[in-house]
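**Student:** Keeping the supplied structure of chain A fixed, place chain B upon it in accordance with the hints.
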Amino acid sequence: PALGLFLFTIARDPLRIIILIAGAFFWLVSLLLSSLIWFIAVKASDPNDEPLQKGLLIFGVMFSVLLQEAFRFLYYKLLRKAIEGLVALSEDGCSPISIQQMAYVAGVGFGLMSGAFSMINLLADALGPGTVGIYGDSQLYFLTSAFMTMVLIFLHTFWGILFFHGCENRCWWEIVAVVVMHLAVSASSFCNPVYVGSLVPSYVLMAVAATWAYLLSGGSAQNVRRFLLCKS
Amino acid sequence: MTELSAHLPQFQHGQLTENFPDNHLSNTNDNSERRRHDNSERRRNDNPESETNGQPQNNIQQVVEQDDEEDEELTLKYGAKHVIMLFVPVTLCMVVVVATIKSVSFYTRKDGQLIYTPFTEETETVGQRALNSILNAAIMISVIIVMTILLVVLYKYRCYKVIHGWLIISSLLLLFFFSFIYLGEVFKTYNVAMDYITLALMIWNFGVVGMICIHWKGPLRLQQAYLIMISALMALVFIKYLPEWTAWLILAVISVYDLVAVLCPKGPLRMLVETAQERNETLFPALIYSSTMVWLVNMAEEDPEAQRKASKNSTYDKQGSPPQNDDAEADDGGFSQEWQQQRDSRIGPIESTPESRAAVQALPSNSQTSEDPEERGVKLGLGDFIFYSVLVGKASATASGDWNTTLACFVAILIGLCLTLLLLAIFKKALPALPISITFGLVFYFATDNLVQPFMDQLAFHQFYI
Numbered sequence: 001p002a003l004g005l006f007l008f009t010i011a012r013d014p015l016r017i018i019i020l021i022a023g024a025f026f027w028l029v030s031l032l033l034s035s036l037i038w039f040i041a042v043k044a045s046d047p048n049d050e051p052l053q054k055g056l057l058i059f060g061v062m063f064s065v066l067l068q069e070a071f072r073f074l075y076y077k078l079l080r081k082a083i084e085g086l087v088a089l090s091e092d093g094c095s096p097i098s099i100q101q102m103a104y105v106a107g108v109g110f111g112l113m114s115g116a117f118s119m120i121n122l123l124a125d126a127l128g129p130g131t132v133g134i135y136g137d138s139q140l141y142f143l144t145s146a147f148m149t150m151v152l153i154f155l156h157t158f159w160g161i162l163f164f165h166g167c168e169n170r171c172w173w174e175i176v177a178v179v180v181m182h183l184a185v186s187a188s189s190f191c192n193p194v195y196v197g198s199l200v201p202s203y204v205l206m207a208v209a210a211t212w213a214y215l216l217s218g219g220s221a222q223n224v225r226r227f228l229l230c231k232s
Numbered sequence: 001m002t003e004l005s006a007h008l009p010q011f012q013h014g015q016l017t018e019n020f021p022d023n024h025l026s027n028t029n030d031n032s033e034r035r036r037h038d039n040s041e042r043r044r045n046d047n048p049e050s051e052t053n054g055q056p057q058n059n060i061q062q063v064v065e066q067d068d069e070e071d072e073e074l075t076l077k078y079g080a081k082h083v084i085m086l087f088v089p090v091t092l093c094m095v096v097v098v099a100t101i102k103s104v105s106f107y108t109r110k111d112g113q114l115i116y117t118p119f120t121e122e123t124e125t126v127g128q129r130a131l132n133s134i135l136n137a138a139i140m141i142s143v144i145i146v147m148t149i150l151l152v153v154l155y156k157y158r159c160y161k162v163i164h165g166w167l168i169i170s171s172l173l174l175l176f177f178f179s180f181i182y183l184g185e186v187f188k189t190y191n192v193a194m195d196y197i198t199l200a201l202m203i204w205n206f207g208v209v210g211m212i213c214i215h216w217k218g219p220l221r222l223q224q225a226y227l228i229m230i231s232a233l234m235a236l237v238f239i240k241y242l243p244e245w246t247a248w249l250i251l252a253v254i255s256v257y258d259l260v261a262v263l264c265p266k267g268p269l270r271m272l273v274e275t276a277q278e279r280n281e282t283l284f285p286a287l288i289y290s291s292t293m294v295w296l297v298n299m300a301e302e303d304p305e306a307q308r309k310a311s312k313n314s315t316y317d318k319q320g321s322p323p324q325n326d327d328a329e330a331d332d333g334g335f336s337q338e339w340q341q342q343r344d345s346r347i348g349p350i351e352s353t354p355e356s357r358a359a360v361q362a363l364p365s366n367s368q369t370s371e372d373p374e375e376r377g378v379k380l381g382l383g384d385f386i387f388y389s390v391l392v393g394k395a396s397a398t399a400s401g402d403w404n405t406t407l408a409c410f411v412a413i414l415i416g417l418c419l420t421l422l423l424l425a426i427f428k429k430a431l432p433a434l435p436i437s438i439t440f441g442l443v444f445y446f447a448t449d450n451l452v453q454p455f456m457d458q459l460a461f462h463q464f465y466i
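As they're listed, the protein sequences go chains A and B.
Heads up: the first sequence begins at 1 in the UniProt record's numbering, then just goes up one per residue.
Heads up: the second sequence begins at 1 in the UniProt record's numbering, then just goes up one per residue.
Chain A extracted, bound-state conformation (with noise of 0.2 Å):
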């Protein structure tokens, strides 16, 4: 799904392509400061001690989601900033793309990344022999990630336009409000394999998500009801 929104939606605008790959150049980035301190956090700890490794890693997850939003909230600055040139430069004296769309594809580009790097392994392991599990694990483990995956990918893209439009409008409560959101979501994973706990969590924070994001970008059930009668 999240290959088909970028096909849909972002291939035909070369900029939107542009903004989508910095998007996941900044995931990236964060990504890569969140791992770094994770991995000097377990050198200077033990090996051995499972728990504590297992404390680690969830430290590691949350720092890393903070990190993240962190990031999604410098993306943000330049985002402005280049508004600002490309008003500057543009003919008519507004942007050609505005600051919602960039809200869109940017949470696109973080989710794609994030997505990707969430699941490309698996994949490319689920070419294998098809043992799913053996060892007492949980037989569900491939569809459960690719659940998992494709709602954290959407939720990326809403909490990229939830973001952007705190940001504008300077409500920092929604903006506390997307953290929260990626903080429980992130929290809930790790009930993991106790699939129950997570996924259902997830699935109802996406839809709450969703209609949120809808809301603030000008659509309204009217909009919905209309388009489902195919515009009557």
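Take these hints with a grain of salt, some might be off.
[As the list claims (entries may be wrong)] Computed list of lysine to any residue pairs in SDA-like fashion (alpha-carbon distance at most 20 Å, straight line):
1. LYS188(B) with LEU172(B)
2. LYS54(A) with PRO454(B)
3. LYS102(B) with GLU244(B)
4. LYS43(A) with ASP449(B)
5. LYS102(B) with GLU185(B)
6. LYS54(A) with MET456(B)
7. LYS81(A) with LEU183(A)
8. LYS161(B) with LEU172(B)
9. LYS43(A) with ASP457(B)
10. LYS43(A) with ASN450(B)
11. LYS43(A) with GLN458(B)
12. LYS43(A) with MET456(B)
13. LYS54(A) with ASP457(B)
14. LYS54(A) with GLN458(B)
15. LYS81(A) with ILE426(B)
16. LYS43(A) with PHE446(B)
17. LYS102(B) with LYS188(B)
18. LYS43(A) with SER400(B)
Think of the hints as simulated: they come from the structure by calculation, not from any bench.
**Tutor:** Just chain B now, kept in the frame of chain A:
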């Protein structure tokens, strides 16, 4: 060295007054302070981050400008379109290389080394290995420097025949011999039976069409496709025959060399560029990838161009965004000035002539200015393609993080390319395309491989999500 070259239409003589609207260079900065333009001018955005797509320019008319105004207004905007026009081939080349590396094991087997890298890396101690790789890299770089200087000297003394012959021989070798090996390995991997006659026919066709396309005239897309293919082949050769540490060292040193050779006043590539500029000559089509233009080997006359241009000016109307490849072919007549570019091509195990890559920048001729500015593309040297692909290919071949690392390097290189284009539009002269991208790529490769990979492994193991 390969350079990202942009057309700088404004560096033309005074005749081009009418064509001015086509030649606007604009500062691509977010806050473009030097932007002066009339309402009717066409503009192009150059800043990748703050660029418009081609759409808003539909309504711009061409205007006639004074010469001095033109000089002052030199701002070429690189549309986001141009960046994409370069993203696509670079991506394609990298995809081909990665796909081959992943599937055909031939290119990851150690079958020996080139004679340019005589020191082996299978040594007992780490120190010795490091020493050997440094020596290897030093030898390789000195070979490249020697070849570059040789090429510059040949160019300066107008031994064009020699250069042409050299290029033709190396592209012949590449097109026939290397693709033969490549096809053979692919067939072996997929266990496809193929007789020699069919194979000979295919290779012959492929090679001949390639020679025609690259050195003479041909459809733009086909030429681009061939250039991508030979870059990929070259990169595969490098990946196979360069040992580990040597390869990374060479990548690092080459980007430094690129930087030095293009920007220093005494650098060989810069001298090449300036000589080419003085002589108003075309560059060798075999060494450069161009996003929109097809060029003739010989330069066209200027007068007919001027007339053609004059007639065009009166009725010129800017079109929308679709690339004018067809127009480009018709209009091609002539870059008045082009910077030469040399491709760094090492021809595999057989000793051949490695050439250094020179910075190339193409300045469109007067006639170019009458064309739709969107037709003017950017030029990227083939050596850039090759080294980007080498980086990504090595990352996919030898990284423990596998696809993650490959993806990270890929994004890093693309971002480096964006930044280089940005700088190009700001500085408006030939720039080395390697250093920024390769630096990013190397940093990301080593960082991802050593830092991110264990982290992601642990996360995937526990199925945590960040």
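**Student:** A separate judgement is required for each hint: does it hold in the structure or not?
**Tutor:** Evaluated hints:
1. LYS188(B) with LEU172(B): violated, 24 Å
2. LYS54(A) with PRO454(B): holds, 13 Å
3. LYS102(B) with GLU244(B): Satisfied, since the Cα-Cα distance of roughly 17 Å is no more than 20 Å.
4. LYS43(A) with ASP449(B): At roughly 16 Å apart (the allowed maximum being 20 Å), ASP449(B) and LYS43(A) satisfy the hint.
5. LYS102(B) with GLU185(B): Within the cut-off at roughly 13 Å; holds.
6. LYS54(A) with MET456(B): Given pair LYS54(A), MET456(B) holds - Cα atoms ~13 Å apart, limit 20 Å.
7. LYS81(A) with LEU183(A): Distance of about 28 Å is beyond 20 Å: violated.
8. LYS161(B) with LEU172(B): Since the Cα atoms of LYS161(B) and LEU172(B) sit roughly 16 Å apart, the hinted pair holds (cutoff 20 Å).
9. LYS43(A) with ASP457(B): holds, 16 Å
10. LYS43(A) with ASN450(B): holds, 12 Å
11. LYS43(A) with GLN458(B): holds, 14 Å
12. LYS43(A) with MET456(B): holds, 16 Å
13. LYS54(A) with ASP457(B): holds, 13 Å
14. LYS54(A) with GLN458(B): OK: LYS54(A) and GLN458(B) at ~9 Å, within 20 Å.
15. LYS81(A) with ILE426(B): holds, 17 Å
16. LYS43(A) with PHE446(B): holds, 18 Å
17. LYS102(B) with LYS188(B): Holds, because 14 Å separates the two Cα atoms, which is no more than 20 Å.
18. LYS43(A) with SER400(B): holds, 19 Å
This entry does not satisfy hints 1, 7, going by the numbered hints stated previously.
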